[in-house]
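Here's the letter readout for the chains.
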Amino acid sequence: MFKVNIHKTFSTKRREVVIRCDANIQLHKTTALYGQSGVGKSTILRMIAGLEVPDGGEIIFGNEILFSSEKNINKPIKDRPIGFVFQDFNLFPNMSVKKNLEYASENSVISDDIHQLLDGTSLLELLNSYPNELSGGQRQRISIIRALCQKPEILLLDEPFSALDDEAILELIKEIEFIQSKLNMTIIVISHRKDVIFKMAEQVVHLTSDGMTIEGKPKDILELSF
Amino acid sequence: MDFGPFFVTFKLAFLTTFILFVIAVPIAYFIAFSKRKTTIIIESVLMLPIILPPTVLGFYYLSFLGAGSSIGQFFENVLGFSFTFSFNGLLIGSIIYCMPFMLSPLISGFRNIPKNLIESTYLLKKSRINAIWNVFLPNIKTSIWSALLLSFAHTIGEFGLVLMIGGNLKETKPASVAIYDEMNGLNYDLANQYAFGLLIISFVLIVAMNLLTRKNQTRIV
Numbered sequence: 185m186f187k188v189n190i191h192k193t194f195s196t197k198r199r200e201v202v203i204r205c206d207a208n209i210q211l212h213k214t215t216a217l218y219g220q221s222g223v224g225k226s227t228i229l230r231m232i233a234g235l236e237v238p239d240g241g242e243i244i245f246g247n248e249i250l251f252s253s254e255k256n257i258n259k260p261i262k263d264r265p266i267g268f269v270f271q272d273f274n275l276f277p278n279m280s281v282k283k284n285l286e287y288a289s290e291n292s293v294i295s296d297d298i299h300q301l302l303d304g305t306s307l308l309e310l311l312n313s314y315p316n317e318l319s320g321g322q323r324q325r326i327s328i329i330r331a332l333c334q335k336p337e338i339l340l341l342d343e344p345f346s347a348l349d350d351e352a353i354l355e356l357i358k359e360i361e362f363i364q365s366k367l368n369m370t371i372i373v374i375s376h377r378k379d380v381i382f383k384m385a386e387q388v389v390h391l392t393s394d395g396m397t398i399e400g401k402p403k404d405i406l407e408l409s410f
Numbered sequence: 004m005d006f007g008p009f010f011v012t013f014k015l016a017f018l019t020t021f022i023l024f025v026i027a028v029p030i031a032y033f034i035a036f037s038k039r040k041t042t043i044i045i046e047s048v049l050m051l052p053i054i055l056p057p058t059v060l061g062f063y064y065l066s067f068l069g070a071g072s073s074i075g076q077f078f079e080n081v082l083g084f085s086f087t088f089s090f091n092g093l094l095i096g097s098i099i100y101c102m103p104f105m106l107s108p109l110i111s112g113f114r115n116i117p118k119n120l121i122e123s124t125y126l127l128k129k130s131r132i133n134a135i136w137n138v139f140l141p142n143i144k145t146s147i148w149s150a151l152l153l154s155f156a157h158t159i160g161e162f163g164l165v166l167m168i169g170g171n172l173k174e175t176k177p178a179s180v181a182i183y184d185e186m187n188g189l190n191y192d193l194a195n196q197y198a199f200g201l202l203i204i205s206f207v208l209i210v211a212m213n214l215l216t217r218k219n220q221t222r223i224v
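Residue numbers (this note's numbering), protein chains in the order written: chain Y, 185 to 410; chain D, 4 to 224.
Everything labelled a hint here was simulated from the structure, so no lab data went into it.
C-beta atoms are modelled at their ideal positions from N, C-alpha and C, and glycine is treated no differently.
The reader is advised that the hints may include incorrect statements.
Here are the simulated distance ranges between beta carbons [stated by the list, open to error]:
#1 D:33 with Y:392: 25 to 33 Å
#2 Y:392 with D:29: 15 to 23 Å
#3 D:37 with Y:293: 55 to 63 Å
#4 D:216 with Y:293: 39 to 47 Å
#5 D:209 with Y:199: 35 to 43 Å
#6 D:33 with Y:316: 27 to 35 Å
#7 D:38 with Y:277: 50 to 58 Å
#8 Y:366 with D:144: 31 to 39 Å
#9 D:118 with Y:256: 22 to 30 Å
Residues from chain Y that keep clear of chain D, each with C-beta distances beyond 10 Å, as calculated [claimed, not checked]:
#10 192
#11 210
#12 222
#13 278
#14 297
#15 379
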């Protein structure tokens with residue numbers, strides 16, 4: 185099990201925002217993090233990745249403690265088995281797609297697994313293109329492949345669909361499903377679109393605005409929040 | 004016409020720009036990303052020459068590093084190095100004077116890199132030096148060119164500071180000081196030749212800077 189039980193408080197002059205998540209995420213499945221804007225979905229992912237430090241709690245992946253305030257453990261980003269894809273600006277504009285992938289790979293060599301994924305997702309032909317020559321959907325698909333070059337066990341996707349049209353979203357979902365069928369990873373994805381969550385997630389973690397965490401199957405959770 | 008002053012001008016401008024770039028990149032990176040409150044003091048001190056009259060800088064330079072100062076005497080007696088009336092002294096003064104013109108575009112370039120790009124390098128487990136070299140610097144090329152051109156142009160235009168540090172020796176006299184000397188000697192033709200040379204160089208540099216700005220604006224659109 186992937187246990188995420190963390191909280192963080194942001195204080196501004198006007199108000200205090202408490203971000204809280206207490207979820208048991210299923211390993212080797214795709215889980216959607218769902219909730220209203222401002223409940224802290226992105227912050228939760230950032231804390232899991234190590235980009236931000238929780239005020240307290242614990243993050244335990246299998247037998248590995250990534251963070252524990254009680255045991256004073258906070259693994260640095262480089263020691264966490266995590267791949268991360270942001271909403272935008274993931275790819276380095278000065279590098280071609282191939283260079284981006286090589287830069288992310290061990291010893292700058294793109295592995296056979298990644299070549300197979302590129303082939304399976306029809307992205308091989310884009311290798312010599314630069315990020316500004318790609319569509320939004322292609323950029324996100326390449327970003328996911330680049331994150332996989334690090335051979336992570338957990339893939340975190342922070343609203344990867346938000347800037348995409350319906351066709352590009354479908355392509356991206358297809359690619360994530362293809363990756364999941366090959367690599368059997370633990371994927372956590374943030375999306376505010378219920379249709380997308382229904383299509384790709386096996387579990388939903390719903391963060392409510394009053395700091396509660398509700399877990400369940402997409403059908404149960406999303407129908408509750410209608 | 005003696006081309007010596009132009010040679011000194013260019014030698015000073017090239018060396019100042021090159022050495023400043025090497026020094027300024029790590030300083031600019033530190034200032035751009037440091038969250039320490041004391042950083043603002045360091046940044047303010049380094050940016051001071053942007054508003055400080057060059058004569059003030061020259062005065063303190065001579066007071067602290069001149070032949071009459073204990074530091075100046077130590078370097079002269081022990082290492083045989085003179086901070087004044089030498090090209091090396093001129094170079095050090097020029098580096099201090101031009102620091103803000105190199106730092107300012109670099110700091111703003113670093114600060115304008117999208118946060119996601121910076122964090123992507125963390126997530127790909129890259130070291131800071133690796134990220135600076137492979138990702139950050141290549142993505143602030145416009146800022147780098149702007150910093151190089153500004154520093155080069157300001158070195159060419161230096162007058163007060165170089166006059167105070169370099170005196171009126173042949174090996175420390177750049178074209179800007181040569182104009183002043185020739186005017187004093189009523190050699191207007193020669194002064195005009197030096198002035199015209201600097202005018203052309205300055206115009207070319209301004210055109211280059213404007214081209215750079217325009218290219219950058221086009222890219223943003």
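Each hint tested on the structure:
About 42 Å separates the C-beta atoms of residue 33 of chain D and residue 392 of chain Y, a value inconsistent with the hinted range of 25 to 33 Å. Distance hint for residue 392 of chain Y and residue 29 of chain D: a CB-CB separation of about 46 Å, inconsistent with the stated range 15 to 23 Å. A beta carbon spacing of about 35 Å between residue 37 of chain D and residue 293 of chain Y contradicts the range 55 to 63 Å that was offered as a hint. For the pair residue 216 of chain D and residue 293 of chain Y, the supplied restraint of 39 to 47 Å holds, since their beta-carbon distance comes to about 40 Å.
As the Cβ distance of residue 209 of chain D to residue 199 of chain Y is approximately 50 Å, the hint placing it in 35 to 43 Å is violated. Distance hint check: the CB atoms of residue 33 of chain D and residue 316 of chain Y are about 30 Å apart, consistent with the given range 27 to 35 Å. At about 26 Å, the beta-carbon gap between residue 38 of chain D and residue 277 of chain Y misses the expected band of 50 to 58 Å. At about 38 Å, the beta-carbon gap between residue 366 of chain Y and residue 144 of chain D stays in the expected band of 31 to 39 Å.
Look at residue 118 of chain D against residue 256 of chain Y: about 28 Å separates their beta carbons, and that is inside 22 to 30 Å. At the 10 Å boundary, the C-beta of residue 192 of chain Y stays outside the reach of chain D, the nearest C-beta of that chain being 17 Å off. Remark: the non-interface label on residue 210 of chain Y is consistent with the geometry, its nearest Cβ contact in chain D lying 23 Å away (cut-off 10 Å). Every CB of chain D is more than 10 Å from the CB of residue 222 of chain Y (nearest about 19 Å), matching its label as outside the interface.
With a closest Cβ-Cβ approach of about 4 Å to chain D, residue 278 of chain Y is found to fall inside the 10 Å limit, against its non-interface label. Every C-beta of chain D lies more than 10 Å from that of residue 297 of chain Y, the closest at about 17 Å, which supports listing it as non-interface. No beta-carbon of chain D comes within 10 Å of the beta-carbon of residue 379 of chain Y; the shortest separation is about 26 Å.
Hint check: violations occur at hints 1, 2, 3, 5, 7, 13; the rest are consistent with the structure.
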